[in-house]
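So the chains spell out like this:
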Amino acid sequence: MKVKYCLSQTAKAFLLLVSAVTALQPAIANITITVSNENSEVGFSGEHAGMQFSGIFEQWTANLTLPPAKAPQITAMFQLESAKTGDFTYDSTLPEGDWFDVENHPEGKFISDSITVIDGGYKVSGLLTLKNISNPQTFVLYEQKDGFSANFAIDRIDYNIGVESDPDAEWVSREIMMRMQLAKAN
Amino acid sequence: MNKHRYHSLSISLHWLIAMGLVFMFVSGLYMVNAEIPKAEQYKLFQIHKASGVVMLWAILLRLLVRIFTQKPPLPNVISKEEAKRAKLGHVLLYTGLAIMPLSGWVMVSASPFGLPTLVFVDWLNWPHIPGIQRNKLVEGIANNIHMYTAILLSCLIVGHIAAVYWHKRTHNINLVKRMWWFNNDN
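Keeping their order, the protein sequence lines are chains A and B.
Quick note: the first sequence uses this note's numbering, first residue 1, plus one each step.
Quick note: the second sequence uses this note's numbering, first residue 187, plus one each step.
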């Protein structure tokens, strides 16, 4: 009787520990932040005819599951049609076939394949897909008090953007800067 | 109506188109050949395109007025042979005038750039000709037609002005009065 009692005491303690750990686990694993054009901003900028232009995507959404989560991942979907610069000429040209070709490729996406913690934030690598062309991109997602930010450049020629009009970047810069300012709170 | 001169509307259009042509020739040559900053070149292209649309309307209206009104008879001193050549010259002038804006419109519509043509700043977004978008072959042909017609048209205009001068010297007649609103009742 006495031995049995002792064993069940140990078992109880063990079970308590196990349940405590398993209870904590999902709390770490499932922190996913959803951001979108509602509370955050994804923009782009470049140069045309020696003049700076910049714009934002007015329709996009992204999910961020960051380390120390078990399977950290960032996914983002954005409507290319929603790219707006405020300049009528640019805004009516961007959706056209040689540029974003929104008729055939309405959506762009980013899916990360690795996220590592670095000083001040995260190093993110993944595939950015535009016009059905996927290229690896790496950027640093800086952690701030109430959000995240990132800046990185993409080469429009890698995505067949404006290759017929201006392959030598005589008019439009090859390098297009991407700018993100993401809110932490949902 | 004064039968010694063209219709008032024809006269107004003749001189407006003459001034417009000077601007189109100068801006066209300058934007293609001059070593100017890209931003200036780009803006000049847009101005040239918008002005081209206005020229197209003016030239079409001119042709309509010419078709639906009576042209003044040529002075008796002009021989039948000369009259025939004058007729040919004028047909060529009208044809050249019509080809210039039309070939320009084809170029703009076929260009892979797909830039819109905004007339009077942004009052009117002049449409592209459908079915030829991103067609470099059509763009190239239209480009050549635009250039060679410009050369031929400028030769025709020099001949047009020289003929007025030649008739003044040879027959002592002032043909300009046929294309002026007043002092033409001789």
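No wet-lab data here; the hints were simulated from the structure.
Where hints are given, some of them may not hold.
[As the list claims (entries may be wrong)] Simulated restraints on C-beta separations:
| id | chain 1 | residue 1 | chain 2 | residue 2 | range |
| --- | --- | --- | --- | --- | --- |
| 1 | A | K70 | B | D308 | 18 to 28 Å |
| 2 | B | V218 | A | S149 | 17 to 27 Å |
| 3 | A | D87 | B | Y334 | 47 to 57 Å |
| 4 | B | K189 | A | E170 | 24 to 34 Å |
| 5 | B | N219 | A | Q181 | 42 to 52 Å |
| 6 | A | L127 | B | L279 | 35 to 45 Å |
| 7 | A | E170 | B | T356 | 49 to 59 Å |
| 8 | B | D308 | A | T116 | 27 to 37 Å |
| 9 | B | N358 | A | G50 | 50 to 60 Å |
[To be verified] In the BS3-like style, the derived pairs of lysine-lysine whose C-alpha atoms are separated by at most 27 Å in a straight line are:
| id | chain 1 | residue 1 | chain 2 | residue 2 |
| --- | --- | --- | --- | --- |
| 10 | B | K257 | A | K84 |
| 11 | B | K257 | B | K270 |
| 12 | A | K131 | A | K70 |
| 13 | B | K266 | B | K354 |
| 14 | A | K131 | B | K322 |
| 15 | A | K84 | B | K270 |
| 16 | A | K84 | B | K266 |
Where is the CB? At the ideal position from N, CA and C, for every residue including glycine.
Here's how the hints hold up against the structure:
1. Against the hinted window of 18 to 28 Å, the Cβ-Cβ separation of A:K70 and B:D308 comes to about 53 Å, which falls outside the hint.
2. For B:V218 and A:S149, the Cβ-Cβ distance of about 44 Å falls outside the hinted range of 17 to 27 Å, so the restraint is violated.
3. Our hint of 47 to 57 Å for A:D87 and B:Y334 is violated, since their Cβ atoms are close to 34 Å apart.
4. A beta carbon spacing of about 56 Å between B:K189 and A:E170 contradicts the range 24 to 34 Å that was offered as a hint.
5. For B:N219 and A:Q181, the hinted distance range of 42 to 52 Å is satisfied, since their beta carbons lie about 44 Å from each other.
6. For the hinted restraint 35 to 45 Å between A:L127 and B:L279, the CB-CB distance of approximately 60 Å leaves it violated.
7. For the pair A:E170 and B:T356, the beta carbons lie near 52 Å from each other, so the given range of 49 to 59 Å is met.
8. Between B:D308 and A:T116 the Cβ separation comes to about 48 Å, which falls outside the hinted range of 27 to 37 Å.
9. Checking the proposed 50 to 60 Å range against B:N358 and A:G50 shows it holds: the Cβ atoms sit about 57 Å from each other.
10. Restraint check for B:K257 and A:K84: not satisfied, since their Cα atoms lie roughly 53 Å apart, outside the 27 Å limit.
11. Using a Cα cut-off of 27 Å, the hinted pair B:K257 and B:K270 holds, with the two alpha carbons roughly 15 Å apart.
12. A C-alpha spacing of about 31 Å is found between A:K131 and A:K70, which places the hinted pair above 27 Å, so the restraint is violated.
13. With a CA separation close to 18 Å, the supplied pair B:K266 and B:K354 stays within the 27 Å bound.
14. For a cut-off of 27 Å, the pair hint linking A:K131 to B:K322 stands: about 21 Å separates their Cα positions.
15. Our distance criterion of 27 Å between C-alpha atoms is broken by A:K84 and B:K270, whose separation comes to about 58 Å.
16. For the suggested pair A:K84 and B:K266, the alpha carbons sit about 64 Å apart, so the restraint of at most 27 Å is broken.
Of the numbered hints given earlier, the model fails hints 1, 2, 3, 4, 6, 8, 10, 12, 15, 16; all others are met.
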